[in-house]
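Undergrad: So the chains spell out like this:
2 protein chains.
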Amino acid sequence: MDDKLDAIFSALADPTRRAILGRLAKGKATVAELADPFALSQPAISKHLKVLEQAGLIRSGREANSRPRVLEPAALKTIADWMADYRRFWDQSFDRLDDYLSKVQGYEND
Amino acid sequence: MDDKLDAIFSALADPTRRAILGRLAKGKATVAELADPFALSQPAISKHLKVLEQAGLIRSGREANSRPRVLEPAALKTIADWMADYRRFWDQSFDRLDDYLSKVQGYEND
DNA sequence: TAGCTATATAGCCATATGGATATATTCTCG
DNA sequence: CGAGAATATATCCATATGGCTATATAGCTA
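Sequence order for the protein chains is D and G.
Okay, so the first sequence: first residue is 1 according to full-length UniProt numbering, each after it adds one.
Okay, so the second sequence: first residue is 1 according to full-length UniProt numbering, each after it adds one.
Derived from the structure by calculation, the hints contain no laboratory data.
One should not assume that every hint holds.
One copy or two, either will do: identical chains are not told apart, so a pair holds if it fits within one copy or between any two.
[Claimed, not checked] Here are the computed lysine to any residue pairs in the SDA-like style, where the Cα-Cα straight-line distance is at most 20 Å:
#, residue 1, residue 2
1, Lys-77, Ala-13
2, Lys-28, Phe-89
3, Lys-4, Arg-18
4, Lys-77, Ser-10
5, Lys-50, Asp-3
Throw the hints in and build the complete structure from the sequences for me.
TA: So this is what it looks like as structure tokens:
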């Protein structure tokens, strides 16, 4: 699990890769489309994509000639879960909210 | 802001540093106390602390002979805010919860 | 002030990272 | 099948990172 967190956090520690995720949040995209906004070579982008994929943040598809990428949200949930332990430190409403929800009838968190 | 996110994510991309944060979540600690659980030299720990401090994740105090560290939650909030844009991808209840809260009387999120 | 404690800094080394260019691979299509 | 398009891999280079040992600095305390 530590290894997973290492990979995810370090994948996110780069503005190019975060921007790529931002693009993928709007939907599937090819490598060429992902590379377009950047002044970087295609291999550089492929390298970034590999880092993101190995961290589990994205997945590769296969479509005719291209290998479109899609977002893989589970990895983000992994770090969100890690952060949950700290949430009380900055989110003053968190404890109260949690408490509140547990008392509300008819609300199910799936 | 990108630089800030770079620094925070890359500070978190190391298990030693995350463990240090975990310790600090339980309260202020000296460098010696923070170093204790690890099979690392004192300078190595000091280096990690510097990384955490430069990312804004911790702060140094001054107390007699020692320089105790404390958690600085604002930095964690920074990445939580960044992640908020993606939350809808994994948290199915998020939209519903958000919607629900906006309709609840008497609840104020500060 | 001298010495002890706590911590920081300097310097060194090995490995990792991010970029580039050149080339290989894999499909699609005529 | 041969050409072109889309992407991956191989190399190479410069810089960053994480660890160590040795040493410097700062504050107590006798």
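Undergrad: Of the hints stated earlier, which fail here?
TA: Violated hints: none at all, because every hint is consistent with the structure.
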